Amino acid sequence: MELRFNEAEIAFRQEVRDFIAKELPKETHERMLAGKSPTKQMVVDWQRKLNAKGWAVPEWPVEWGGPGWTLGQRYIFREELQQAPAPQPLAFNTNMCGPVIAEFGTEEQKKRFLPRMANLDDWWCQGFSEPGAGSDLAGLKTRAVREGDHYVVNGQKTWTTLAQHADWIFLLVRTDPNAKKQEGISFLLCDMKTPGITVRPIITIEGGHEVNEVFLDDVKVPVENLVGEENRGWDCAKFLLGNERFGQARVGASRERIRRLKRIASTESMDGGQPLMQDPDFARKVTEIEVELKALEMTVMRVIATESKRKDKKPDPATSVLKIKGTEIQQMCSELLMKAAGPYAWVDGDPEAEGSNDIDVAPDWAFGLAGVYFNWRKQSIYGGSNEIQRNIMAKAFLGL
Amino acid sequence: MELRFNEAEIAFRQEVRDFIAKELPKETHERMLAGKSPTKQMVVDWQRKLNAKGWAVPEWPVEWGGPGWTLGQRYIFREELQQAPAPQPLAFNTNMCGPVIAEFGTEEQKKRFLPRMANLDDWWCQGFSEPGAGSDLAGLKTRAVREGDHYVVNGQKTWTTLAQHADWIFLLVRTDPNAKKQEGISFLLCDMKTPGITVRPIITIEGGHEVNEVFLDDVKVPVENLVGEENRGWDCAKFLLGNERFGQARVGASRERIRRLKRIASTESMDGGQPLMQDPDFARKVTEIEVELKALEMTVMRVIATESKRKDKKPDPATSVLKIKGTEIQQMCSELLMKAAGPYAWVDGDPEAEGSNDIDVAPDWAFGLAGVYFNWRKQSIYGGSNEIQRNIMAKAFLGL
Amino acid sequence: MDFDLTEEQRLLQDSVARLLGDKYGFEQRKGYMKSPEGWSREIWAQYAELGLLGLPFAEDEGGFGGGHVETMLVAEQLGKAIALEPWIPTVVIGGGFLRAGASAELRAELVPQIAAGELMLAFAQTERQSRYDLNDVATTAKKDGSGWVISGRKGMVIHGDSAGKLVVTARTAGGQRDHKGIGVFLVDAKDPGVTRRGYRTVDGQRAAEVEFANARAEAVLGNPEDGLPLVDQVVDETIVALAAEAVGCMQVAHDMTIDYMKTRKQFDRPIGSFQALQHRAADMLVQLEQARSMSYFAAMGVEERDPAERRKNMASVKAQIGRSARFVGQQSIQLHGGIAMTVEYACGHYFKRLTVNDAMFGDADYWVRFLANSGGLVAAA
Amino acid sequence: MDFDLTEEQRLLQDSVARLLGDKYGFEQRKGYMKSPEGWSREIWAQYAELGLLGLPFAEDEGGFGGGHVETMLVAEQLGKAIALEPWIPTVVIGGGFLRAGASAELRAELVPQIAAGELMLAFAQTERQSRYDLNDVATTAKKDGSGWVISGRKGMVIHGDSAGKLVVTARTAGGQRDHKGIGVFLVDAKDPGVTRRGYRTVDGQRAAEVEFANARAEAVLGNPEDGLPLVDQVVDETIVALAAEAVGCMQVAHDMTIDYMKTRKQFDRPIGSFQALQHRAADMLVQLEQARSMSYFAAMGVEERDPAERRKNMASVKAQIGRSARFVGQQSIQLHGGIAMTVEYACGHYFKRLTVNDAMFGDADYWVRFLANSGGLVAAA
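Chains as they are written, first to last, in this note's numbering: chain L, 1 to 400; chain V, 401 to 800; chain F, 801 to 1181; chain B, 1182 to 1562.
Heads up, a few of these hints could be off.
Stated by the list, open to error - Subject to a maximum C-alpha distance of 25 Å in a straight line, what follows is the list of computed DSS-like cross-link-like pairs (lysine-lysine): (1) V/Lys541 - B/Lys1443; (2) F/Lys1065 - V/Lys795; (3) L/Lys395 - F/Lys1065; (4) V/Lys449 - V/Lys426; (5) V/Lys795 - B/Lys1446; (6) B/Lys1446 - V/Lys541; (7) L/Lys141 - F/Lys1065; (8) L/Lys395 - B/Lys1443; (9) L/Lys238 - F/Lys1065; (10) F/Lys1062 - L/Lys181; (11) V/Lys638 - B/Lys1446; (12) V/Lys581 - B/Lys1446; (13) L/Lys181 - F/Lys1065; (14) L/Lys180 - F/Lys830; (15) V/Lys795 - F/Lys1062; (16) B/Lys1446 - V/Lys580; (17) L/Lys180 - L/Lys238; (18) V/Lys581 - B/Lys1443; (19) L/Lys141 - L/Lys111; (20) B/Lys1446 - L/Lys395; (21) V/Lys581 - L/Lys285; (22) F/Lys1062 - L/Lys141.
Because the hints were derived from the structure by calculation, they are not lab data.
Keep in mind it's a predicted model, so treat the numbers as computed, not measured.
Taking the hints into account, I'd like the entire structure generated from these sequences.
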């Protein structure tokens, strides 16, 4: 039992840290330090730098550009990016679709898609959820009917994050309407320029445009873009969702936010003319989050250690803990940031939009913080809602 | 809309308060002030005083000794007793079995039982729960078979509070094993001296003896002791449980405990040499309970106001709130009292027992407080667990 | 103790409910929000017609003679519609200052204008550094002849952009955080010394940044050397309205959630059939009922004569309402799932208003701390 | 980063688990509790045989050479059995003081006795007024020739009644709450100046009130003028054991609850089929896993060289463990229902130990406040 990172890992962390310090564009860093998402171009530029370094696709096999890292290194890498903060490799490409193609795809598919994915030559988005299939993903209704060497796809996807940027979409579609729910589903890759695709923005409650509806109207997808076997797409989906959950702890990101929160609450003058960190209740709440985050960090380590040694693909009981606690902590951070801003959190406007704080009501650090709090309520809903996680724990791990 | 007590009610409150101040024996008062239950004799003596005054059975019809109070007066009366603190009229007699007999009993039963109940000449206990019938009370299995002018009862009751003091027990028994669950149940009155009854103490986790198992082995109950119709006992049970829930808010009792807690935490020197009320977290917790209690008090008022005007016997949606919040507040009070005592809460021993703090480790105010905390976990379990309350709310009021 | 409404109160409640039912559907509300002022003059005129704008003023001054219960009833209905109009700033806050701090002459001049819907008021109190502390006032008021001139910057002045007159707190003496030396002044929004920049708040209301550069006060409200007790009183009265607004919001958010749970299907059954979600809905109801109780208590507790006791009452109201609002708001989103995250769906807007409502004049944490520092509600002895 | 046990560690863990599995069933435990000492000398001898009593001492001093991980492994197993023996006071606390504060000669004398199970130690630290503050020491130590004599009263001395020697904090200089001027002394329990009264604690352990009337110290542990850093260090090491004990208790409480949910039927189905209860069980598991993580962190974080940082680490451990223990303990009772309220059923005993475990050396609230006042775990800059 060795409960510390070893020297190689510590050296690796330093290497990542140095690389970020040297290579991350100042503009990108400052924008993210202020709590805003990087722009599309910033994400693309950074991923290409990472790709040039050989670090863009930590989860992929070495032959397709993966760096051959241990799970520990992957964790360190992500944590350092998150807490820098720096953009992460685009999840749709590198964590979701890429690993699926690498695992289930044909050699041709790998050659065609993976290098462009890694270099973010193509921006991918995820076509899973539907209006009637949220928590119950397998209830999806989008139909794909094979006609010659094409599938003709009809249906509607929703909550499609950053579809407005996307060149390609990976889709779950129903290819056998008579099979049982989770059977009869297939995994397709689809060029967003294909006729019949319409993207409609969904504006979320804080005013931001991050997610979309994607309408598919007689969209022709070549049969060669089927990943894995027809009607076995659920295997791809499960494989992908397993990877996703693993990253939902986002310890580094929360640490970065707590750091920002404490910076604000230690310097800005608040009620009674004192910094808010002097308020015992506020300080207690921040401290409780710090404690939970430390515990979560150790839980992530445990999951990594377990997974590293496991042969089967069955996830650790602790992975649902990562999702539940990870999102609770992030939501609490967003709430405390909003509270720190007091009335200045209330100015309306998408904090991501350019020039949105031109009115100069709130200090820059406070602008849009209520919006972020509103927006982050999604975290306990998406990626398998926290209620679904509890179902999983009760059934799969507790046997109830 | 008049959100205050009227002058008559204020005068009534003063009358109750004066009576308690004048008539409550000093020994009883001091024992209760120290957080201990009154002894059997104290309860009997006090109830007889109340009965002499005409106040022992507020819920009963006037012809059977009820004082004819409004719901508001009843509430004031209970609240004053709780916060004095003074013993309440024995619930098994006055709130549970008495009202059932008054509502469903024969004239003969009323004459025979009610006056002795009111004067606590007989101490009653409740034979409802069984080992296999807790939350699912209607799943009870104790059988009563009619043989001539007797029922022969066999089975086992549990959680029978203060059965060790009791002269009589009121029982739910199954008289028709073939009927649907809630049908086929009858309500019987049974002398505890009847052969075949064995009372076995259940010692609860803190070491106290408050509840018992009651074994019924060929116990003969005269048919004249059936209340209401045979196989219609569930009506009696529902009627009784409705009354019970109404009293579970226990606002006055919680107020008395908060007062005690604040007295202790304001005077005893704690961490850092300061009184614990100077600790911001402790003070916050106490304050939050005070706020919830104030809200609960107003909720009780609303229920009283609604019930006073209602013709049907259907309870207000707020009655489940009374149970849930009332018990949460009481449990939190017990937890904060334990916390206030620090290490001195840990001395083992039933705080109710005589001489139990002879070791003189803890100050008297602190002795047994961990035990009280442990014991009070029962509050969210009994009287319809808080989970059952949520089921009721979801189904009966929200229509889910 | 009687929670029944009088005939008059029921009429008032029903008439507001009817108006909002007709004219304040979620789609209609969107239209009002998109208008240049961000709310509806037409609706405002109808409020005037119903007597809502003169509600708290004496009948012989042109008002409706309503008390705190009436304020509560109206505010709850407005909360149900998440109404956008400047009713609380004008009628409850502005009206409160006029009733308690203005001369009879001033009231005779202004009340009819307010009651007729011609004059809106706003409360210029918050400053960039002040957060929720009513005594933290850097804006100054200086004697100038027989009157006063105001200089300084006020922020987050709710509905400050449409107000005809501003109620402004300004320091006449003492240091920035002294309790003494604060005055309350009435300033015409068109005064050359006043500059306003309006914007929208996250809950769909309007607000303004207001700069005062030697702006002339039209009137002093109360004692210019010791106006904080007046401010405290009016804020306490405002809490009655805020609490009721929150209860209205929570009621609708809860109702919408229950309805959605009955219709939305996942795993081939209504999600309302899942016990874990049922219990959450029950917990929301517990919070809602506790909040409603405290809204009633607000209407009662604000009449306490001793200002310190009154403030403790209102602190407990803010504490419970804020806690309930947070839980009901968050859970209404969670139980809906993604749909409630979209701006097109009403539920999120209730959540947003509830969030701001909690924080108005200090959030639950602020008032729990205040109450704890003030000895709480239950005396130890 | 590697959470696998070494072969030796696995052997240690397994041997303790096997012993307790054989000899520490709930009924057997009742028997031990009823014995005059309240725990089992027989079991104690077997601990000695397994090397548990010499665990943290150097091998050349007669010990086992175990580190914090070994302490954690043993304590978790003892927690699973809610063992009653004075292992933590003797081996972890007493042992800690000997390792860090005793001369080699003293260790050479005592370690073999401890390892053989012949000598028990107890930590006489708490005073009636001191609560959780380690610096609040009114008991005095006065120079007397070349030695020291101790006077004062210590309470809640865990296993103080069976201890052969007492580790006592006493003031050598300064005022009652000064951080400097505290010494740590070893006093023979049979010294004529020592009077003990033993009793049971709510979680089934033994404790004693101990009066010192010019009791002679056999040895000084560490610096008699500045012993608080030593006390802090040993308490921090003890937190490793307490955290692991709590995890062991939680694990069993959780397992028992899940088992019960699978077998107990109400409404004609196992109560474990009710989703609301399933989610509660899942939440318990979340708390248990977070606690287990912090138990590992304890074994790591206690090795931090900077005492201030080390203490912050341990504060965070106590905070998480305490919060988890409260939730898991309370919910294990709630999900069982009435059965777990009876003294005959094991679950309540885990709840009681968890409650006391949380409060030992300060409960979660105490340590959250400490951590907040110390700047927390994450640096702002």
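What's the verdict on L/Lys238 and F/Lys1065, does the C-alpha distance respect the 25 Å limit or exceed it?
Roughly 22 Å separates the two Cα atoms, so the pair holds.
Would the pair V/Lys581 and L/Lys285 pass a check requiring their Cα atoms to be no farther apart than 25 Å?
violated (49 Å)
Check whether the Cα positions of V/Lys541 and B/Lys1443 lie no farther apart than 25 Å.
OK: V/Lys541 and B/Lys1443 at ~21 Å, within 25 Å.
Can the restraint linking V/Lys581 and B/Lys1443 be considered satisfied, given a maximum Cα separation of 25 Å?
Distance of about 23 Å is within 25 Å: holds.
Does V/Lys580 sit within 25 Å of B/Lys1446, going by the straight-line distance between their CA atoms?
Satisfied, since the Cα-Cα distance of roughly 18 Å is no more than 25 Å.
Run the distance test for F/Lys1062 versus L/Lys141: straight-line Cα separation, threshold 25 Å.
With a Cα-Cα distance of about 21 Å, the restraint between F/Lys1062 and L/Lys141 holds, given a limit of 25 Å.
Pair hint V/Lys581 and B/Lys1446, alpha-carbon separation not exceeding 25 Å:
Given pair V/Lys581, B/Lys1446 holds - Cα atoms ~15 Å apart, limit 25 Å.
Tell me if the straight-line CA distance from L/Lys141 to F/Lys1065 falls inside 25 Å.
holds (14 Å)
With the threshold set at 25 Å, check whether the alpha-carbon distance from B/Lys1446 to L/Lys395 stays at or below it.
holds (18 Å)
Has the given pair, F/Lys1065 with V/Lys795, been kept, meaning a C-alpha gap of at most 25 Å?
holds (18 Å)
Has the given pair, L/Lys180 with L/Lys238, been kept, meaning a C-alpha gap of at most 25 Å?
holds (16 Å)
Proposed proximity, F/Lys1065 with L/Lys395 (alpha carbon, max 25 Å):
holds (21 Å)
Checked against the numbered hints given earlier, this structure breaks hints 14, 19, 21; the rest are met.
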